[in-house]
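*Asks:* Taking the hints as your guide, dock the two standalone chains into a single complex.
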Amino acid sequence: MLRNLALILVVLVIATGCAKKDPKIYDQPGPVADGDVMIESELSDAKTLNPVLVSEIAGADIDGLIFNGLTRYNDKLVIEPCLAEKWKVSKDNKTVTYYLRRGVKFHDGVEFTASDVLFTYQVYTDPTVNTPEGAQYQDIKNVEIMGPYEVKVTYKRPFALALALFDTILPKHLLEDKDINTSDFARHPVGTGPYKFVEWKTDQKIVLAANPDYWEGAPHIKKVVMRIIPDQTTQFLELLNGGIDSVGAWFHGTLSAEQYTRQSNTPKLKDYYNVYKTHSLEYTYLGWNELNPLFKDKKIRQALTMAIDRDAVIQNAINGLGSVCTGPYPYGSWANNPKVKAWPYDPDKAKKVFAKAGWKMGADGILHKNINHKDTPFHFTLVIPQGKVDRERSATIIQQQLKQVGIQVDIQVLEWTTFLSQYIEKKKFDAYIMGWSLTPDPDCYPIFHSDQVKEHQFNMVSYKNKTVDTLLSEGRRVLDQKTRQKIYWRIHTILNEEQPYTFLYIPNQLTAIHKRFKGYTMNDFDLLTHPEQWYAPKAQQKYIP
Amino acid sequence: MRKFLIRRLLMMIPLLLGISILSFLIMHLAPGEPAALDVAMNTKVDPSYIQKLQAFYEIDKPLHIQYWHWLKRLATLDFGLSFKDNRPVLRVILERLPATLVLSGLSEILLFLIAVPLGIMAAYYQNSLYDRFVTVFSFIGYSTPAFWISLLLMLLFGVQWGVLPVSGMFGNDADFLPWYGKLWDFAQHLILPLCVTTYGGLASISRYARTSMLEVIRQDYIRTARAKGLSEFNVIFHHALPNALIPIVTLVGLSLPGFIGGSVIIESIFSWPGMGRLSYEAILSHNYPLIMGTVIIVALLTILGNLLADISYSLLDPRIKYD
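Protein chains in written order, with our numbering: chain A, 1 to 545; chain B, 1 to 323.
Bound-form chain B, shown alone (with noise of 0.2 angstroms):
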């Protein structure tokens, strides 16, 4: 096991040289540039300027000039200054990212505490009306656009009944209130970004343990294990599922870029001041030293997590053994 994980970890080096080898291509492909774009159609500013910035910002020069300081400046930690405020984009992605994990976390939670006991029932009772309404419900929650259920949800629970904040990660009061205040606070506003994100997830996961579980059920072990008079819980929850988990523990490791990336659309609405927001915005005004960074840090916790699969898997299935 050891060695297996030392060499995941040697294996990140390379791995992230070649991602941010490759982003930082395809950042430069897109047409225009931030300088321009900082001050395009403010008819005070003057051409010079705009070359003034331009060397400022170091993208007169070469490009593999530019990724040659980059990198040198990465080797100390040092993830450069953010175009917008110049201010160290370490920082401004440490702020945000908080956020989107709470987010994403808790929504990955809720989702495996709902919608694998939701698939793995429908498989235990397939066909049956449940099975049908558990389809139905989440397929609605699936082909429903994130925005519109978000201003749904908003309209009824934050304007018609006013019970929910309509956006936002604290409330205007949030200042002045004690720790536990500003938690209960804190929580009133996740719940409405929670539900959108969970909901649209519910689809795909519970699915995917239905046909699983549905697989499991019919092997002959599970067969072996009802003739042996075990009880039915038993069998269910200590035979089958287990080896049910294993597809889902894979779909999870695969959500993790998004789990870390954030959504953007849920933040827009939600004005939650999450990660999907900043590289959506770092993208859209090439701001080249935040785009890097999110991308090299947004990878950096893929890799981790996916090796963290991988090892769930060694944990889960008996004959998955690494070395």
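This is chain A alone, in the form it adopts within the complex (with noise of 0.2 angstroms):
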């Protein structure tokens, strides 16, 4: 009897050990081929597929696969036509006219028209429905529709972002008569994109289909997976095994810095998948509390800035896997301003700065000041959500380095709904540390504007500087795309000299493909181009979908 098990579980060890292909074939090109499936997995599940009321990265994530919107951006993040096959903006710069492509049909057959594109403007703007993203829609005066492929969006003002609207359109056919905020569409979305909704299974996966009809192309790949795997460990476990295809291809979702780093001693990483680093789009930042009189002046911000190395913070926190950031914008943005340079890290140049303003180094090692008849030390406590350990690893490091200039910093870690409401709305805070991530568009107006510092709105710091102000006014008005960088320019170079932030660095996206699949390339942003485009060549295909 136990010779017999003994028997079977070496036949079952020796039958898996065949099933796994020698995987020097992947490595070979191959000629285009359908079929196959796309295994990918993220970290928590999508609350709802219905595009309107989506708040949740994975829910944007899968909707970005069955929807599609009238424009979109390319991998140099430059707007290109996409339901819409050409727009034309009138003089005034407060009317966009739309021309839409024909023959667009949704995944249920049903022709797509400017009547949809109308549809999803009212349902936008309708006051009933929980839409988190309704407010971008205000600026609009009136959607006409002048053809059956002609839509005219008039604009109160000049609008920058008004290209970028309508980046999802909703099917009027299935859903103008029903409640939006309950209807069953969040779990059966009909869209126009490349993949259809198949199925969705809560917190195990999220199944969709290519769909055979897509006006770009019916895709390659003929079935897209997503999975749910919690913990990021798992999730390159799945990798190592084959049970996930790619870690951040498809879906949000990232190497750790340690996998990325070990991967030359990782031979089934390295064997199987092609590992690429990018630049993710957002960036890591240190706030500084303007409210507190010890922040207060700039130049005791700048000295801040420069008593803090940040190549030693990018080398320890993420293994060198990150550049330094200077400014609020993504990553090679036409909006950054090729004249700023990061402040340097010279301790001596801050002490000179402190010296400066007043604080004399006491018998304790930290600087003091008398501030209003009272004798002040140095020391400021600085506080940090719970739950990324890089952030956690730069205030140590952080902590550390203002510990040579005199400056004396405890830190807090603090689980995040008690870090955001109890801390960060409140305002009681001295610093912290945290992270954007960010659109395309380098618009940072809720983030630095001098009226945005209500409770739920995003100027935590406090920050105010009237040009700075006027600047973000006009950014968003003007759609000149020339006149908008002179304005982006001007504001990088400001918030440089101002240092509301210390900006920390922007994080690599580290992201991890099956060599079978080809078709495409990587751009710099972390974004997901062409899906349709993706395939296996046929002896290299994996499932059988």
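Hints in this document: simulated from the structure, not taken from any laboratory.
Yeah, the Cβ is synthetic: ideal placement off N, Cα and C, and Gly gets one too.
What you were told as hints is all true, and nothing was included just to trick you.
Listed next, with one range per pair, are the computed distances between beta-carbon atoms:
hint, chain 1, residue 1, chain 2, residue 2, range
1, B, Pro47, A, Lys141, 15 to 25 angstroms
2, A, Glu258, B, Ile191, 25 to 35 angstroms
3, A, His188, B, Ala174, 14 to 24 angstroms
Here are the simulated lysine to aspartate or glutamate pairs, DMTMM-like style, with alpha carbons at most 20 angstroms apart:
hint, chain 1, residue 1, chain 2, residue 2
4, B, Lys52, A, Glu56
5, B, Lys44, A, Glu282
6, A, Lys223, A, Asp213
7, A, Lys222, B, Asp175
8, A, Lys464, A, Asp430
9, B, Lys44, A, Asp126
10, B, Lys44, A, Asp469
11, A, Lys454, B, Glu33
12, B, Lys44, A, Glu455
13, A, Lys223, A, Asp61
*Replies:* Here it is as structure tokens:
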């Protein structure tokens, strides 16, 4: 009995061993072929797939494959045509006329027309609909149907982000009589995009199938599966095991710094996967509370930035997998001013600035100053939200570096909800480390405009600069790229001078894709463009869709 | 017995009521609220949306009104809609409960089948090499962090040897398999989480079994049984074991909340869609209807489980009678 069992076990082990192909086959190119399945994962499930109600990453990622917009961003972060073949902007910049593509069908076969665009606008501006991103549509005065494939959108004032609106078009015929907030559309979305919704097993997986009538060409990869894997280490093990095909290619996700650095020791990663290092659309920063007298003076903030060795932070917090950040724009964006230079790491210069501002080194190794007749040490608390290891490491390194120039920093790691509601929203903090996820457009009005300081708004450091206020408002009203560029370059210069944040770094996006997939080019902006062109050659396909 | 049962079942109502009030209060004590949390740090969101959402969730109303609405709905077995995806709470919980029950249930059975004999043999051969080995082995299981053992097992069996899947409840190809293929697939995915769950519990149960057995073995009636000339097998299994099992039943009863509540750590590591992760995520996101629903259902099942434990006492120990 036992001997039989052992025999079965041996056979099983051999069988599973034989099932794996020699990885060298995946290095070969191959002719375009249909078939195969792309399996990727996210750390948490979507809450809804109704694009009007979506506010979380997973839902937005899936909707990006199911829906199209009138326009979209290309791999150079420039707006390009999508469901709108072309558009005309009026001389006064207040009207955009879209000329829509003909012959586009929703997944249920009904044709896409201008009435769907009008319907989408009505839904986003309906006060009874719980749409998180409706505020962007408030600048629109009127949407008019000029013909079955022509739509005229009139704005109250010129609006720079106008062309990025209407990024998911809803099917009017399926939603017009329904209550958007509770409609089953949230669990069974229908759009015009390259992939159709198939099934959603809550907290397990979401399955999409290729749309054979997609207007850009039927996708070669016939099925896409998004698995929910809440733990990043498990995700990596699944990658090594072949349970998922990629990390960070189609959906949000990234290898950790350790996993990337150790890849030469991980043959299973190196042999089967192409690993790419690009820049993510985000940055990590240290925010100084300008309501705190310690950080009121911009010279002090400049000195603090000079006392922090950002290269050392990048090296030790994220294994060198990031770049120093000087401004609030995506890496490589046209909005970055090439003339802006990062403050150098110069602790001696920083000490001189502190001394000039009246700070004297005390016997305890900490700077002291007489503020309002009270002897005040240069001592503050740095709060960070729990969950991201790189931020905790950065905080520790910064604490050490500031100690060298005589500043005592206490670090406090807080649970996310407490951090937000009790400290940040109430502005009860000295300094904090967080990050911003960026959109392709450089507009940062909500973050730096001086009137965005109310509860639930985003100028948490209470930064106030009249020139920047004017520039931010102007940037939103100008449509000409060259003029906008001048505006954002100026904002970049001023922010670098004033250091409301010490911009820390832009972390790298570390993507791993199974070698069998071809037909794509990696862009530096972590954007998935043309998913319908990806394919796996017939001989290398792994799954039957 | 019947009066005892009726009394216990009736007592459930005030008990559940008390639990719900306490949970409701504690839940609202935590700082922050779900609407703001939902869209935190999303620069495209206007604060007026947060107010809209608060009205939609009814969290802008005073606490006692919120509780009263919840209680009224509960009378019709309507647990409300989950804040996360607007689906009925009862449905969400019932989707996740079986996954946890299967894992915990099999784990308890395995524990019983492995740990109890382990402990009893250790008591029988007290201070022998076997006894010491069992002690060390179970304490290693008790002290190693569950997530670390999970990752090691995943690495070994999943990645290195490739004989077991790494995570999840079903494999990528599961949908295309016939029913027996699906069952086999499910069983494969169950093995590693089951091992980790069981190994952690081995120590306490086997130690209790050992201690309990040691006490029982020293009793006079055991000496009498041996003196009567009964076989050793008879003495151990017919006379000693039932008495030694009584504290074990208590232990099983005490472990019921964890049994139904599931383990967040193991479920997160193995991507096992169970109750542990559900309630943890609900708490973190302040998903009030889901939290209340989970609390009530877990409390209900725990109370019923304790009732079952008490009834099994009376079966095991003829001295215990209920009326």
